[in-house]
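Colleague: Chain residues, written in single-letter form:
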Amino acid sequence: MIGYAARRLIQTIPTIFVMSIILFGIMQAIPGGPMAALAFNSHQSYAAKLAIIHRWGLDLPVYLQYFRWIGAMFTGDWQNSFFLNQPVNKVILARLPATLLLMTVGYLLTELLAIPAGILAALKRYSFFDQFVTFFAYVGNSMPTFWLGLMLLMVFGVFLQILPSSGVIDIRVTGAPFLTPEYNTWFSQNPVTGVLDVAKHIILPATTLAIVGVAADSRFVRASMLDAIHQDFVRTARAKGVPERTVILKHTLRNALLPVITNIALELPILFSGAVVTERIFTWPGMGQLFFQALEGYDYPLMMGILFVAGLLVIFFNVLADFAYAIADPRISYA
Amino acid sequence: MHFGFRFRALALATVGLCLAAACGSTGPQTGTSLLTSYKPVPGVKGGQLVYSDWEPVQDLNVLSSTAATTQEVASGPLWASLWTFDPQNNAIPDLVSEVPSVANGDVKKIDDTHMDVTIKLKSGLKWSDGQPLTTKDVSFTINAICDPATGAASQTGWSSIASVEDKSDTVEVWHFGPDPTGKRCGLSSPLASGIYASFISAMGGAGESPVPQHVLQSVQHADWATNSYFTTNPTATSGPYMVQNFTPGPAAQVVMVPNPNYAAGRTGAQLFGHAPYLDKLIYKIYGDKPSQIAGLKAGDSDLGLDLIAKDLPALQGISGYTTVAATGLLDEFLTLNLGNHNGKPTIFNGDKALRQAIALAIDKNTINTALVGGIGKPMNGPFVNALSPYFDKDIPAWQRDVAKAGQLLDGDGWVKGADGTRSKNGVKLAWVISTTSGNSQRAAEEEQLIKNWAEIGATVSVKNWPAGQFFNDYKGGGILATGNYDMGMYANNWSPDPDSWCTTVESGQIPTDANPSGQNWARANDSQLDTLCQQGAQEVDTSKRVEIYKKVQAEWKDYLPTIELYERPDVFTHSNNFGNFAAAVNTCLATCNAADWFNTKGKS
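Going down the list, the protein sequences come from chains G and H. Counted the way this note's numbering counts, the first sequence spans residues 10 to 344. Counted the way this note's numbering counts, the second sequence spans residues 0 to 603.
Keep in mind the hints are simulated off the structure, nothing from the lab. Incorrect hints may have been included.
As the list claims (entries may be wrong) - Within a straight-line C-alpha distance of at most 25 angstroms, the following computed BS3-like cross-link-like pairs (lysine-lysine) qualify:
{"id": "1", "chain 1": "H", "residue 1": "Lys543", "chain 2": "H", "residue 2": "Lys351"}
{"id": "2", "chain 1": "G", "residue 1": "Lys209", "chain 2": "H", "residue 2": "Lys351"}
{"id": "3", "chain 1": "H", "residue 1": "Lys108", "chain 2": "H", "residue 2": "Lys125"}
{"id": "4", "chain 1": "H", "residue 1": "Lys415", "chain 2": "H", "residue 2": "Lys392"}
{"id": "5", "chain 1": "H", "residue 1": "Lys107", "chain 2": "H", "residue 2": "Lys415"}
{"id": "6", "chain 1": "H", "residue 1": "Lys288", "chain 2": "G", "residue 2": "Lys209"}
As the list claims (entries may be wrong) - Where chain G lies over chain H, by a calculated footprint (3+ residues, C-beta under 8 angstroms):
{"id": "7", "region": "67 to 75"}
{"id": "8", "region": "247 to 258"}
{"id": "9", "region": "569 to 580"}
Backbone N, C-alpha and C fix where the C-beta goes; we use that ideal spot for every residue, glycine too.
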């Protein structure tokens, strides 16, 4: 197992480099560029524009830009965002808490609903509940996230006005943006109001994520459960007279959840990268919003920083999923 | 289409919301009366207001940022400028005690190539940290603007200053003069004359506020853009407010508290002579338009900026709010490539009759009604109405005349073919119109125009481009800059001086390898326009400039390097308890009078 782990980790190194080259190449291939932000300003001298281009490092040959960037990533100096003019790692770290908050709530909501729903749907196959879950899954999978988010926003935020339409806090109440020192001070003095304020704001975006997530994951859990429930060991357990509850919870579920664990591990990177569309619709100040903004403005260091982090997380959690599977399933040998 | 960094429209509030008790100029500016109809009402102390936009705020760099959203918070609320502008485009003093002019003796033309402008700051001004605001800060800022390493958004005009003389803490003289070296302040070629008549609109206003020498003198200019003073925490501001908190990005929020030293030196001033009224001013970015509108409907913000005609239906009927629409310095127009495209002269090149026929065939009223909700203003000439006093009210009104267009084309040798398309000497009357892709309103405008031109026998097709590519610079292969188009359609937010118009048609401004920053994307080459524009740029007497630019408008309308469609309206929605809101027609972006804003409910 240790040998396997070591081999697996070593394999990630060339994967990371290939990923970085592909990412960088795609950035360079996108038509347009950050210079467009300078182009339409007739009042700025060409010398000043050149100075900005030099500051951005865009006057270097492409291959030098790549080496400069990859070197910066591994030494911890992630360069400055072209337009925010702040270190990329600082910008990402500032946005991470909001994304983690939203995605964790959305993810927990998804799994707390999807797993039981999928299990029950499998156990009560072809029942009304199963039909309902299936129907919900088809509808949920068919709905674009942006449409669902906008509909929820319009109904609850605009027409009924019972939930906030944007942001993570009500700045009129808190007097300071989320997680700033002033906000933290205010929160420590008003914890209940603070929690309720955030909870109110998180309902709509988390629900948007959960609906789409439950639609997908419940089907997956159902299929996995159905697969496990028809295995020979389940029949044997029943034949031995094991109570049905134990058959389901101890024997069937444990095996059915193996692929689900892998799925969960593979979905974990999203907790950090955020949901671009949902965050945009609800103006949630997270990583998804940040990425969208970087994309619009061709903010290469910021785009690359976010994508590189997301890529690293995918690679890391893939490896983690492999390890988790090996630990969870004693039948697997990695000699 | 917003590609993230553009100057946006500024608008004139309609009468219902205008603060002016009386409109119109009342005479030349003197030491005791101002040439302005801006008359704010006394405000109520206390309370807070939230104003909103939807495009991201990247930083608070008042000197370098071209983003309108940054200027909405930097210019007016955080940094005061030497002078600002009222809704009628009259310059009004902010940090200065009087706006320099020929009339008050602060502008002196020395000879044909030299002029002096005397800047008189109010006495006793202070930064928010208590340090005095003096001419040293002004000259320090000029020095920084002129260093390309700073990356300031505009060197226009500053490059005409040969030297700055600080006579005292409150009096400074800008000595304008030529530069035979061509190296001064980002210049790319020698400057024959230092006369710069547009200095009031181009220099010292919003976006060019003095910055504190005592904070920034130890910071290299190349590091200003990344310094925390401009990115997160401006520790010394000169405007009515200072930053308590700033979170950048598409969900940006700027929380501002009153500048305790704003009123220092301002007591007795006719305008902006008091401490700010609000306890807190919050600038909130929604990330996208639907969220901003939803926020207004939910009462989340008191003022919505950066809204357009298309948003009007969604903004109607918001209880407790008023929506106004007005035009300003933003117009939508067509640029005709009068040079070469794909190595060959375009059909517009050298054919004035064709250009005039094309203009006559356009149905501007339908475009205005159908696509801009009727709140735009079809344009009669190249200048917008808000460009007073230079806008020529007597210019003949635009009129659609398909028959006359047909006659012009017949006389010019464009013969209609069997397929309905005209041709001349084997060349079809066909061209490609280009604009920014992904913009449904522009796409609809193109369709309307194509329909109009089909009536005169022209076949027009469409090729649109991503905004980044369309507007990219000459070196970056920008479509307009490199002339890789036949006809372009876009909007521009002009500075409130006609010289900014002229730079787009002067033959010396055609982008080339030697002059990549040239702005004459139409490749216009008319000697009369060149002569008149140069005369206008060199004339410091406003009344004489007005006459010169009337001639510019007439010649422009005849030569037609561009065809103006309509003045693009801006829309504002504000709560009924938002006191002293007034949109400006210049680069102030409706926030220049933030010092006068108040919440009618006060501390609630």
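Colleague: Give a verdict on every hint.
Modeller: Here's how the hints hold up against the structure:
1. H:Lys543 to H:Lys351: Distance of about 29 angstroms is beyond 25 angstroms: violated.
2. G:Lys209 to H:Lys351: Since the Cα atoms of Lys209 of chain G and Lys351 of chain H sit roughly 63 angstroms apart, the hinted pair is violated (cutoff 25 angstroms).
3. H:Lys108 to H:Lys125: Violated: Lys108 of chain H and Lys125 of chain H sit about 32 angstroms apart, past 25 angstroms.
4. H:Lys415 to H:Lys392: Violated - the C-alpha atoms of Lys392 of chain H and Lys415 of chain H are around 37 angstroms apart, more than 25 angstroms.
5. H:Lys107 to H:Lys415: Violated - the C-alpha atoms of Lys415 of chain H and Lys107 of chain H are around 59 angstroms apart, more than 25 angstroms.
6. H:Lys288 to G:Lys209: 22 angstroms, holds
7. 67 to 75: Result for this restraint: violated, n = 0.
8. 247 to 258: Coverage by chain G holds here, the residue count being 6 at a Cβ distance below 8 angstroms.
9. 569 to 580: violated (count 0)
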